[in-house]
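> Single-letter residue listing:
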Amino acid sequence: MSDSFEPQIIAFCCKYCAYAAADLAGSMRLSYPSNVKITQIPCTGRVDIVHLLRAFENGADGVYVAGCMEGDCHFVSGNLKARKRVEYVKKTLAELGIEPERVEMYNLSSAMGPRFAEIANEMTARIKKLGPSPLNTKKAA
Amino acid sequence: MIVADRKSLNEILDMVKSYSKILVVGCKGCVTVCNVGGLKEVQVLAASLKIGRKKDGQPIEVDEKILERQCDPEYVEQLKDIVDNYDAVISMACGVGPQFLSEAYPNQKFFPAVNTTFYGGAVSHGIWEERCAGCGTCIIHYFDGLCPIARCSKSLLNGPCGGSDKGKCEISKEVDCIWDKIVRKKIAQGRLADLLHITPAKDWRTARDGGPRKAKREELIQNG
Amino acid sequence: MANASENKTIGSVMVVGAGVAGIQASLDMANAGYYVHLLDSSPSIGGLMAQLDKTFPTNDCAMCVISPFLVEVGRHLNINIISNSELETLEGEAGAFRATLRNNPRYIDAEKCTACGQCRDVCPVTAVNEFDCKLDLRKATYIKYPQAVPLAYKIDRSICIGCGMCEKVCLAQAIFYDDKPRQTTVEVGAVVLAMGNDVFNPSAFDTYNYANHPNVVTSLEFERILSASGPYKGHLMRPYDRQIPEKIAWMQCVGSRDINRADNSYCSSVCCMYSIKQTLIAKEHAETPLDTAVFYMDMRTYGKEFDKYYMRAQDGGVRFIRARVHTIEPAADGDLKIRYVRESGELKEETFNMVVLAVGLTPSKDAEALAKRIGIDLNTHRYAKTNDLSPVSTSRKGVYVCGTFQGPKDIPQSVMEASAAAAQATQNLSQARWTLTRTKELPPEKDFSGQEPRIGVFVCNCGINIGGVADVPAVREYARSLPNVIHVEDNLFTCSQDTQENIKKVIVEKGINRVVVASCSPRTHEPLFQETIRETGLNKYLFEMANIRDQNTWVHMHNPERATAKAKDLVRMAVAKAAYVEPLQQVILEVKPAVLVVGGGVAGMEAALGVARQGYQAYLVERSNQLGGVAHHLRVTWQGEAVAPYLKQLIADVQSHERVQVFLETEVKHITGTIGNFITTIASENGNGKTSILEHGAAILATGGKEYKPTEYLYGKHPNVLTHFDLDQAITEESDTLKNAKMAVFIQCVGSRTPEHPYCSRVCCTHSLKSALTLKKMNPEMKIFILYRDIRSYGFREDLYKEAREKGVQFVRYDPENPPNLISDEQNNLSLTVKDHILQRPLEIKPDIVILAAAILANENKKFFEIFKVPTNSDGFLVEAHAKLRPVDFGSEGLFLAGLAHYPKSLDESIAQARAAVSRTMNIVSKKGILVGGVVATVNSDRCAACLTCVRTCPYHIPRIGEEGYAVIEPAECHGCGICVSECPGKAISLQHFTDEQINAKTDALFSAA
Amino acid sequence: MSQFEPKILAFLCNWCSYAGADLAGVSRIQYPPNIRVVRTMCSGRVDPLFIIQAMQDGFDGVFVGGCHLGDCHYQEGNYHTLRRMDMLGQLLDESGVGRDHVHLRWASAAEAQPFADYVTEVTETIRKLGPFDKEKHRLALASLARSLSGSRLRWLVGIERQVTEKLNVYQEKTDPAQFKKILQEAVQAEYQKAMIQELLAAGPVTVREMSEKTGLPIYTVSVRLNELERVGMADIAGFDGRTPKFVSPAV
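Protein chains in written order, with the numbering used here: chain A, 1 to 141; chain B, 142 to 365; chain C, 366 to 1375; chain D, 1376 to 1626.
Hints should not be assumed to be uniformly reliable.
Unchecked claim - SDA-like mimics (lysine to any residue), calculated; alpha carbons at most 20 Å apart, straight line: (1) C:K545 - D:G1590; (2) A:K90 - B:D146; (3) D:K1620 - D:G1590; (4) D:K1541 - C:A1246; (5) A:K90 - B:K148; (6) D:K1548 - C:E1362; (7) C:K1227 - C:I1203; (8) D:K1541 - C:R522; (9) D:K1556 - C:I524; (10) B:K206 - C:P470.
What the hints assert, rightly or not - Chain A residues, not near chain C, derived (Cβ > 12 Å throughout): (11) A94; (12) G97; (13) E122.
The set of hints was computed from the structure by calculation and includes no laboratory data. The beta carbon of each residue, even a glycine, is placed where N, CA and C say it ideally should be.
Given only the sequences and the hints, what does the whole structure look like? Please build it.
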């Protein structure tokens, strides 16, 4: 696999914390890899297993869900539900022989701009190490 | 309701490994309520199969469909115009569904996506427990509404056995000893003496032991 | 002035100070029909809370919880933010004031400023960044913090050298140097003062070396150190050398309870809790084990869930050391040496890596001058003077006060008072309600149903913020190639007034029915663009944004190519979703202009009377056969105001008010409906069983509390063992037992802070101090002991503690492990032993009377609370919607709480909370209708299997299975999180504007790139 | 022992100093042979960076000659030179290199003798300083170059006359004392930050290491470092126990 692999990563970010933290990272001009593209949702509780699988089906190399800190969910428990759904998708991926690390759940507050950048870095580095999604390599072959 | 569990993805993938276009059919009945075979699970399975096959370089086409119930011919018939468009059909209903489908469409191949496990209910969200064994002769009124057939590991009628330990069954600490519950309930109601009555051996002919069963309601049957 | 004499009531109000209290007061009044002028001397709103990292006791991120409020205020049609301005004079009288304001120049047009920060980047002059408490520098052109409202820069003229660089780089042309101070006047019916206070500057504590040692920081500085957006990005480090500390000490009461080195004899009320919070958060942040020690005099964790928090810290290994430290000496390597004396008399010395000074709150330096200018009285501590029985009124009629301008207090108390002040300020203005508020006239919405999507894409350059990094023309041309796009253009500033006009024109000319703007963040700008498209008759939901600045060019500025590519991806995703967005209709539900109040104690009566005085019907339901509740047992408030006459008057007012209907011996049996439209069945319990049906828009639960009946300390067995209620009665009756007593002992925490009731009852310390002083007054010779665990005389109540000590009341601390032992001999003589911590040996005394400071318990109302589906905590007190910012609301819309049912509190606090509840209900019942719908969950009944998944997973318990056999979700109640949507096994529920189709469209679009 | 012969680079303006030098030659006026002349059209063209570069290249000192104030061929070029050279002097002092290595003199086209005198005087001054050890001052020179490349000092120096002598954007005059103080602060801050940036570029490095290498007090390093972090010019690379290590972020 070539060094130039640039993974395509989609992040589902809740409006109240993670999305706001991403904006703050912008205000603070923190740089992070451009591989991460954000879809805003009202609460990570809105993220469906189906949405996560859909992303992989489409060829996502990595997917993550970012919500409020546990206990701080704007909607009380949405982020806890989201965590369980991410766990489910991890299991599904593992069952299908795909690295479960390609999907992750993160929690951060809206004041954590630096943490947002860190997560984007972390996830991009992780996926780069894993290489392209097996769905994409087969397509190429 | 009937409670089921989804089969592992690999088992399902193996069933359909030689097909490239399949239909996944869910059921809006029990399996929706026990979160195993409703439209959402149909979508999850469809997506998982597509991911699994694409990963192996053998993409598969999967369509999704939900029926009101798969245990009534009229609903099953709703597939008639599309069923032949597929190499195979996966049913996410209980064990009844794929059989009704098979009988209705003798030329098509049907596969079950779930293991049908028991009759029970949700004790809390996400946890289901067995309550009934479908033995055909209900006797729970003798036991204050608690069924020793379904809930005693040995289906004892004059329990408990010697394996009851602090209210738990000897087969697992996860399993309540139903006889412990029966006895305690009797004590609480001051009716422990009821248990002096020996329950005679059960007539199992009404259960699976008597062969496949049929239920008829004469007044409902339309004699054409 | 002329207006006042004509007695014309003005339907607008002014709020001075835009911290959390001012914001709450403004929102309450603006939502209840008044036009609000919100004044702040700083360039942006938010106050002290915006500087905090986390808030106790929930450890919520402060910015997360306050920023939605900031945005709401910023966008509110009926709140006029007047930033950077001061109140000069206030003429006229209640109902018709004329306020003269001084508007200080900002030199940057807040309307035009896009907060891009170019001006800051080039400014050659620096100054201390006040927001980060001097841990950092800022420029002469600055914004207080990234989430500030108004989101606009300002020039600090005091350091600006006038070089003109900022003007040269400002593409928005927002800089105008000829800005001048202006004087303006506004006419308002009432004024709410919420100027807050200052944080004590410990430079005067020379022995603490704050001024000359970087590792001695104030608690506010430490807050910034902990903050993820602070100077160290949330890494716990000490300023001197950026080492991660291993040992940190907190010094309590710096600038509080001190008249030697500070001028503040009072307790600052918040420092104990914030220090505990900081120890816990610091431990969380530390990447290596952290030793934390708090040096304190009394641990004052007197609020709701505070003691549990304290215990959590103790369990977590935080060391609490009862000692007042005199000197903090520099040691080697930036460390600090502390010497202190343990209670046992043992001298100890310890070295810490850094020291946090828990600085107190101090009156704002402008307070005195301002009070003089507008003619209100301050108390001896230089805070606004109020009475216990009218807790938010100043000495000037029509001028009200809330928050820390009245005295040191925490956020929930400030917010409560803010709502209370809003209620009081508007009480006499109701005839002018809705007279000065603005509504926007909008054209009818056009119907596009059945039409193909026709999408217009507007790509913003944001000056050079986007265009300077990404290739905007390329992005624009790329957008042209996307499906359904019929129009594209790029703008220098898409948010500018002229571009808005242009967008409107283009929408109409080209028949655009979906709009995509690729610019900054929807968090700040979506409402603006939605308004714009709505003005052309497009439904506001036919809009989607691509965040190509905050989440793209600002974070990939060193990689223009990839920023351009990402911008294209983001635009493609937005266009894909736009094709699927649907117009959402919000419907107006009529509101029942009445409020149900349950509980006829002081809180309930104040609430009912408040509602009535605001012009609405109040139904007051009381279980017992009389009004008044526990207040019947109280003699005086903590400041010495007599309770009985007040209570008598209050009951009379309630009973005589035409709009209050009182139901005694009555209970609530059933309630249905939603916010704005409740239907409640009540039944009389006096034997006739008569039931009535009440229709109301909101409800206030004030079901009260009671005094714990002790089983310990011979209570009930010996006639001279009394509770506070008993003592109050004995004093009122001037009983001989009291007159003849030579020695009285108060035992604190009887039934509080115990395993059964692990909370502090908040009022008992004050009550004992007050009573001890009364006994001393009755008989100066009486010997009085107060046996305590911590004296929790928060705020100005500390004055009572000080006075009690001066008058010779003896304070003896006891440990819960060694409680006092009280026995009675055959002659009925009492004898008490307790271990004295100072003398380190048992003390034996023979009191004539013993007063037990018995706990306050919530009334048991399990069944009743179930009817309302309102939650209680493990102590039996009602749980509010949010411990900090919504202290009188329940999670369920339309329901509110007040008084002892919420938590033990003093009479003034109960009154304030009741009035706050009134204000909150006015936000509902004063409206003609409530807008319902929008981003809410809707059920497709055909698909619903009635499986109960939604019912069980909704955090707000909104869905139910209706009579038709499928799930019903009231749009008026749905919070729009989408949890049920994603759990529903039948895919029967969808969240409007965030449907599967719409979310998947974005995902599909992202990966569909060639 | 032979006398140290300093190498001095001279920037002379075309219209005055250069002409003055020519006249000195025509007049056969003698002066030390240590200067090497670069002709510029105006002394205002002399960027302080040229001077730092000269020292990095091994010159022991720099001499800048221009027209007398008021006589600039380009009206005000030499006023800018004056301010720039003063700022450079402050920076040189701040860096420990010392302003005595750099000299500015005005000499008109007619002042051949004064020109020769200046060269003599400057040569002697620099001779007394001894050979300039550019290796010893490597960090200082790099930091000087870095601070002079940034916009802040250049802008401040450029605007000084406008705002203190004419009118600033508020149509008033900025107090020269205030301006002076701000410039001093800026010189110090920019130089200190530049030093730290030099170290960060070769990082990771700890605060204490930076303090040792720059000679700045530990707390000063912490403060300046934080300013750099705020604008994304420094970042934590990791921890060595309780000690954070810093680097320049990878661009």
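> If a hint holds in the structure, say so; if it doesn't, say that too.
Hint-by-hint comparison with the structure:
no.	hint	verdict
1	C:K545 - D:G1590	violated, 46 Å
2	A:K90 - B:D146	holds, 19 Å
3	D:K1620 - D:G1590	holds, 18 Å
4	D:K1541 - C:A1246	violated, 61 Å
5	A:K90 - B:K148	holds, 17 Å
6	D:K1548 - C:E1362	violated, 63 Å
7	C:K1227 - C:I1203	violated, 45 Å
8	D:K1541 - C:R522	holds, 18 Å
9	D:K1556 - C:I524	holds, 11 Å
10	B:K206 - C:P470	violated, 66 Å
11	A94	holds, 21 Å
12	G97	holds, 21 Å
13	E122	holds, 15 Å
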